[in-house]
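Asker: From just these sequences and the hints, can you work out the full model?
Number of protein chains: 2
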Amino acid sequence: MTDVAAREGLTFPALPAGLDTPRVVVDLARVEANIGRLQGAMDARSIAVRPHAKTHKSLRIAGMQVAAGARGITVGTLGEAEVFAAAGFDDLFLAYPIWADGPKAARLRALRDAVPRFAVGVESAGAAKRLGAAVAESARPLEVLVEIDPGNRRTGVATPNGAVEVARAAQGAGLVIRGVFSHGGHAYHLDAAGSAGADEVRTLGAAADALRSAGLEVSVVSAGSTPTMITSSTGQVNEQRAGTSVYGDRQQWVLGAMPPEGCAVAVAATVVSVHDERLVLDAGAKALTKDRAEFLAGHGAIVSYPELVIERVNDYHGIVAAPPDAARPRLGEVVAIIPNHVCPVIDLVDSVIVVAADGSLEEWPVDARGRNG
Amino acid sequence: MTDVAAREGLTFPALPAGLDTPRVVVDLARVEANIGRLQGAMDARSIAVRPHAKTHKSLRIAGMQVAAGARGITVGTLGEAEVFAAAGFDDLFLAYPIWADGPKAARLRALRDAVPRFAVGVESAGAAKRLGAAVAESARPLEVLVEIDPGNRRTGVATPNGAVEVARAAQGAGLVIRGVFSHGGHAYHLDAAGSAGADEVRTLGAAADALRSAGLEVSVVSAGSTPTMITSSTGQVNEQRAGTSVYGDRQQWVLGAMPPEGCAVAVAATVVSVHDERLVLDAGAKALTKDRAEFLAGHGAIVSYPELVIERVNDYHGIVAAPPDAARPRLGEVVAIIPNHVCPVIDLVDSVIVVAADGSLEEWPVDARGRNG
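Those sequence lines, one after another, are chains G and W. Quick note on the working numbering: the first sequence kicks off at 1 and runs consecutively. Quick note on the working numbering: the second sequence kicks off at 1001 and runs consecutively.
Take these hints with a grain of salt, some might be off.
Pulled from the structure, derived: some chain W residues nowhere near chain G, Cβ distances all over 10 Å [as the list claims (entries may be wrong)]:
#1 1037
#2 1059
#3 1069
#4 1085
#5 1137
#6 1344
#7 1370
In silico lysine-lysine, BS3-like type, Cα no more than 27 Å apart, as pairs [claimed, not checked]:
#8 W/1104 - G/290
#9 W/1290 - G/104
#10 W/1104 - W/1129
#11 W/1290 - G/290
#12 G/104 - G/129
Since the hints were made in silico from the structure, they are not lab data. Even glycine gets a Cβ: it sits at the ideal position worked out from N, Cα and C.
Answerer: Structure below.
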């Protein structure tokens, strides 16, 4: 897919008037469609959905996901888990190999005691030992899923034998094995988007088989990542943890994981400066981030102006290259920008403007914003 | 300067024990030295200091800057101005060409009425007209500085004649000209760091001369940016607005703008995963950002482990390439990371841990975090 394709074809409903820019705007009808699309596709395969809440960090959006049929939610940090636990979410999976030392040990124990169904990731014998020690005085044992590396080369054990070793260490530390999980993050590249799901199915299946051969019970085989949400949901996989799919973004659309109308979030920005060959928007790195996959041109797609490229972002300035013959917004005009990667954009703001299908507006908090540890 | 140089030689005082990572740690002695270094250099040239608060977004740090001799402070958004105004800061310059429409017009008027000395940037006749209309019913006129482009190609008028035109439009809209300002942002490149300050002196001086020739009063000639803070503080320049210099970061050190001991902020992170050729830290894009100048290798410098490179950051994972023979931290070890660019890192957190010279710790709020519009 070319850079031009990465900018063309994205739409967003008309922005409400009078926004105080920069402002994150969420289109509720698109969010509902995205939630229904994932849930429907997984229901058809009898695969449970456990969406990752790091994308929206919102109690209300998570509530919509559970109401649509999600088994529970996935979180990436203790801080996120605490926010959702405090609001009564009773089935949380912390898909992260946390090191349960010092303050984190106490926080983990409190979560284990408070949340009826709570599990965490583990991928080393050392971390398993710490987890066991942290919850030793908890009334209930802690469930864990062993993380498998499907070729992403981030966290996770690389071999089925390695998975068995970690699982045995976890058992030895008093933990209960729930299953295995992986994140096919290597799908975030154009040349791997097609194969990463197959990698995930194969490596998760091999790890699950190895654990069972070693006499361990494996009830959950959980795959992650939005680009692989369809392809990895085969074989032994019985749980899906896609996160970004609820909001969508430019990157997911270019990767082929979402339809263009799947982009449910835009950053509204005002044109504050106009020059011959460039414009400047009041959305910079503190509104759009500098997240830019190598296959994307610029720092977000400006809806209605596909020929413009946000070439640079400083803290409060987005500098837009505007070819002389290209359609361009006027000074003071408010434009909608589809962000490259929506997750870190949401983490910058305390609230979002949610536009309902009838045009009514509400301000929703980003409840777990900044809870990144 | 090479990539290796970009990583070597950076130090940071020993981290306090028991941090709940990721956590931003501020070394107070280094901050005090940085404030003193800028103020001393400008005092020696009889140049007023008006540091940019977007770096720290902290009332206490801004108070230290004013106590050390700063004339007032610079802000980049109405939101930042509101936070500092509410705390009693009485001399604010909003160095941004805001478009004073809708909610922003009301906010601007309230600031004009509340802050004894308040000025904003302007760089187009259109924006000047809006500013004038916004404060038409204010008891006091609004002061403006005309923004000059010193070659940065962001905002600002390109020619002395253009500056005169904008100044006359501002006068016509009922605004009072205080002077001219610029931001030498093109200094954030290795090949321009030396010349950008000279560009700024020349263009600001030419614009000031043109305004005076046109019969306009120019009391303030204000230069910005940390890389040019010394070189641009000559000629007619009589005010300096460096921001990053208060905290320092890896980029400023590599650009030659700060000594290595000028890095006063580190992100503390825990090693959560160890593999043959890589480690994973619990500081990812939501702790370090993806801000990386092209002349820097990786997403921050790991103090004490100069051969390690943070090759990739996902939301909660920092993936570190670790050559087989390189010194490396152990699983569970807490490391200090000097961020590439400190400003957006501070905007991610609600508070920082401040370590005083006697080793005592305090948690200080990032008062204007997220106030980016």
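Asker: Each hint: holds or not?
Answerer: So, going through the hints one by one against the coordinates:
{"no.": "1", "hint": "1037", "result": "holds (23 Å)"}
{"no.": "2", "hint": "1059", "result": "holds (18 Å)"}
{"no.": "3", "hint": "1069", "result": "holds (25 Å)"}
{"no.": "4", "hint": "1085", "result": "holds (17 Å)"}
{"no.": "5", "hint": "1137", "result": "holds (20 Å)"}
{"no.": "6", "hint": "1344", "result": "violated (5 Å)"}
{"no.": "7", "hint": "1370", "result": "violated (5 Å)"}
{"no.": "8", "hint": "W/1104 - G/290", "result": "holds (26 Å)"}
{"no.": "9", "hint": "W/1290 - G/104", "result": "holds (26 Å)"}
{"no.": "10", "hint": "W/1104 - W/1129", "result": "holds (14 Å)"}
{"no.": "11", "hint": "W/1290 - G/290", "result": "holds (6 Å)"}
{"no.": "12", "hint": "G/104 - G/129", "result": "holds (14 Å)"}
Checked against the numbered hints listed earlier, the structure breaks hints 6, 7; every other hint is satisfied.
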